[in-house]
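There are 2 protein chains.
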Amino acid sequence: MIRATDEWVTFERHFQQIIQLSAKTVGQNRLVYSPSWVKAQAALIQFGQQAGLTAMVDHYGNVYLDFPGEDDRVIATGSHMDTVRNGGKFDGLYGVLGGLQAITMLKTRFGAPRHTLRLISFSEEEGSRFNTTFSGSKYYALHQSVGSLSDQNGISFEQARSQAVEQLQAINHVMVKRPALPISFTELHIEQGPRLINAHAAIGLVSGIVGQRRWSVTVHGTSNHAGTTPMNDRHDALQAAVTIIYQLNELAHHLSPNLTFTVGQLTVSPNTSNVIPGTVQFTIDARHADDHLLDRFEQLIGETLNRQTDPHIKYALKRYVQDLPATFDANLLARNQQLAQQLSLTSQVMVSGAGHDSYVMNQVTPTTMLFVPSEGGISHAPTELTYPADLKNGIQLLMASLHAQSY
Amino acid sequence: MIRATDEWVTFERHFQQIIQLSAKTVGQNRLVYSPSWVKAQAALIQFGQQAGLTAMVDHYGNVYLDFPGEDDRVIATGSHMDTVRNGGKFDGLYGVLGGLQAITMLKTRFGAPRHTLRLISFSEEEGSRFNTTFSGSKYYALHQSVGSLSDQNGISFEQARSQAVEQLQAINHVMVKRPALPISFTELHIEQGPRLINAHAAIGLVSGIVGQRRWSVTVHGTSNHAGTTPMNDRHDALQAAVTIIYQLNELAHHLSPNLTFTVGQLTVSPNTSNVIPGTVQFTIDARHADDHLLDRFEQLIGETLNRQTDPHIKYALKRYVQDLPATFDANLLARNQQLAQQLSLTSQVMVSGAGHDSYVMNQVTPTTMLFVPSEGGISHAPTELTYPADLKNGIQLLMASLHAQSY
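If you read the protein sequences in the order shown, they are chains W and E. Mapping of the first sequence onto our numbering: residues 15 to 421, in sequence order. Mapping of the second sequence onto our numbering: residues 15 to 421, in sequence order.
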């Protein structure tokens, strides 16, 4: 029997081993199918096999670690192994290693469960290498394939995938398999926002994921000389863009304080200090739990563009992301709330502002998520931080939840 | 005696010969000391020598073509040979070949003048290759040298200069010399703006050049996740920049309709659609004939930055260009006005919104400029256009002005 302290030492060691794979870069870099990603998934298979779990790898490089139960029904947990460029230590990896830790501790304490326990490490969620997101969970849950995409070095998804996955499938005692779907999925994740910290809560019980839309707006004005063109004879694309963004920010605020509105990308052409901008392209990201409110905001964007008065400036609006809001399973949520109380963990129910593999899994099986606090609300950055005590709280609640479902 | 039509055919041929040097690029590309720039200055020397003028080249590659008079006093005209990247056909080159044409026609019609007539083709005015402007006229008029600068390929100014200038100085019968300053300087140039076209005027009589300042503004906010960060917990650098630009545009408009205000360059970091911008850097270009008004606008910029209320967003303001307004010689202007009337050319007095070699020459000698209309007000672009009739009008007025001063 492993002593409790030893178990956490193992968890720490697993974490360090995978984090060290990015030791030579700024932040964590495990872009899907990259050498460090292969090493990380291979290390995870090794951790699972050492703990006595059965390892499977499918054709997309999703890793499954099963602790077989009395029947074939599966209670699954997990998250994704990939990171954004220069990412943090906890996004994705916490749910993978935390899930492994919970299953290992259940195995040690309670032995074989009624239903099979499964840890899933999805290949890719972030969309940082190829212009596609959630390709791992979409392959598993929805049997969706990625089309012909290439990364910024011109390497195709297919080439990268086959080379990387071959290496994982060649590991001793690894089954090549996409196993059947589970009867529930629980994802442990860092919040990536400041709400738990601000509320002094230990656990976020996630009731769903906001709907999300993204648009690109292109403003075509006239590029000209900054000194010789009178102010009343200009068609300045940047001033037009600034006016629109300023107005949309006000409109978003009045529509709902819970509507997030972000202009994250803006490029100016020709982008020279003494030339009036001729073209500006910018993105709008808006999210809310109510899809009708996003409809209304999209309408307001169109009205705002139409309201501009200079006939020499042309606007093009294109929606390129439209993800509907997701509502997670109410029963799992209610049970997690009870279990948190029993463990004396302060919790709050919240809607996730970010997409997760759970968004995809929720389409095929009852799904729930557990959040732990992110210091400073910072994520997708090397300074991403969750303290060990908070990491343990999340794993303990996950363990209780898996126990309640499987034993 | 050359017939009038032959003279204009020669002018057209000169023009075509130099424009053809950029035949394989988009627009005109004669960056200082580049191969096409060397060919252009060499061709100009050949044109001058064929017309019986004395050619000189100084150490910066400024070309001087003299038609010696009875005394050593010099009446000069000219402009610059370099272009911006992908520039137009007329900016700079018109003043060079138009000046040569005017002197050649005076020589043919009237023979040797009282004062020496000089055409100057300045090496560089645009600042497109090295981070310095007016280096040709500053070397000639102010004896100023360029420090250690390199172009974007890492080639130093000194290396580029010495290799290019050697080739010009090796041409037969070329004197290596920086000659004495003239007693007046007249620059013929396209307007690069729409005012003459809008006013249906043939000639712009330039009374001076606006004062010009440029600032860079850096906005430091906090980069964070676009979905998980509540709106009231954001320090969005782009929204802050948008608010400032929006407010400054209003303030500039109220301060004076003649104040030009341009935000030409704006960069967002990290510039990703689903990440709240952490840093935004932008430039402000402001120009006006009254330097006190620019003082006042600079004060308003500072006040606007100080008025912003989020203590987590920091602003840095840095002025990196401050050129005082220039007032050109009143006597030359008045005479040009009379001469335009005598030639039945409609003219209007105007302040130039762009810098010119005349800005530098005006510091050492009585200076004036003549503008001709720019179709559509377009400049620094391949579509830059002035019709032949307007080109001839400018050259004829220049010829009359040089005649009145030299004979």
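To be clear, the hints were calculated from the coordinates, so they are not data collected in a lab. Glycine included, C-beta positions come from ideal geometry on N, C-alpha and C. Mixed in with the good hints, there may be bad ones.
[Unchecked claim] Under 7 Å between C-beta atoms, here's a sample of chain E residues computed to sit facing chain W:
| # | residue |
| --- | --- |
| 1 | H239 |
| 2 | D247 |
| 3 | V256 |
| 4 | N263 |
| 5 | A303 |
We went through each hint and held it up to the structure:
Because the closest C-beta pair between H239(E) and chain W is about 5 Å apart, less than 7 Å, the hint holds. Interface hint status for D247(E): upheld, as the beta-carbon distance to the closest one in chain W is roughly 5 Å, under 7 Å. For V256(E), the shortest C-beta to C-beta distance to chain W is roughly 5 Å, which falls under 7 Å, so the interface hint holds. This hint holds: N263(E) has a C-beta 6 Å from the nearest C-beta of chain W, less than the 7 Å allowed.
Among the interface hints, the one on A303(E) is violated; its C-beta lies about 11 Å from the nearest C-beta in chain W, farther than the 7 Å criterion.
The earlier numbered hint that this structure contradicts is number 5, and it is the only one.
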